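Enquirer: Sequence:
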Amino acid sequence: MIVYEPGDVVLVPYPFGERAGGRKRPGLVISPAEFNETTSEIVIAQITSRLSGDSRPGDYTIEGWREANLPRPAMVRCRLATLQTSLVLRRLGKLSEAEFGKVQDVLYMALGR
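The working numbering applies: residue 295 is where the sequence shown begins, and numbers increase by one.
Keep in mind that the hints were calculated from the coordinates and are not lab data. Possibly wrong hints are sitting among the right ones.
Here are the simulated DMTMM-like cross-link-like pairs (lysine to aspartate or glutamate), alpha carbons at most 25 Å apart as the crow flies [stated by the list, open to error]:
hint: 1; residue 1: 396; residue 2: 361
hint: 2; residue 1: 396; residue 2: 328
hint: 3; residue 1: 396; residue 2: 335
hint: 4; residue 1: 396; residue 2: 353
hint: 5; residue 1: 318; residue 2: 299
hint: 6; residue 1: 318; residue 2: 357
hint: 7; residue 1: 318; residue 2: 353
hint: 8; residue 1: 318; residue 2: 335
hint: 9; residue 1: 396; residue 2: 299
hint: 10; residue 1: 318; residue 2: 361
Quantities reported herein were computed from a predicted structural model and do not represent experimental measurements.
Required output: the full structure, derived from the provided sequences and hints.
Expert: This is the structure in structure tokens:
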């Protein structure tokens, strides 16, 4: 079993669970590896390439999008989902520790921490 770690960028079917006819979208794993391994689930934040001026609290523009193996500039949104690890189509890449720390800060602020 693959254990996903915080900062991993994964490809998942959207809407979740509908492999046939669904679209494939990247997500950022934000849950700790221990949780992911114990529950066979991951908590992800949405990643979108729509960088229009509609920025909101909880948005973070990914500086190292190429290093994370994303095809174009993208941002993390504070739209969270929990899904079975079996739904992950593949691991695309990983954010650097420093950049993942910035994402965590933005998400924590949006969630009221």
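Enquirer: Against the earlier hints, flag every one the structure doesn't satisfy and list their numbers going up.
Expert: none
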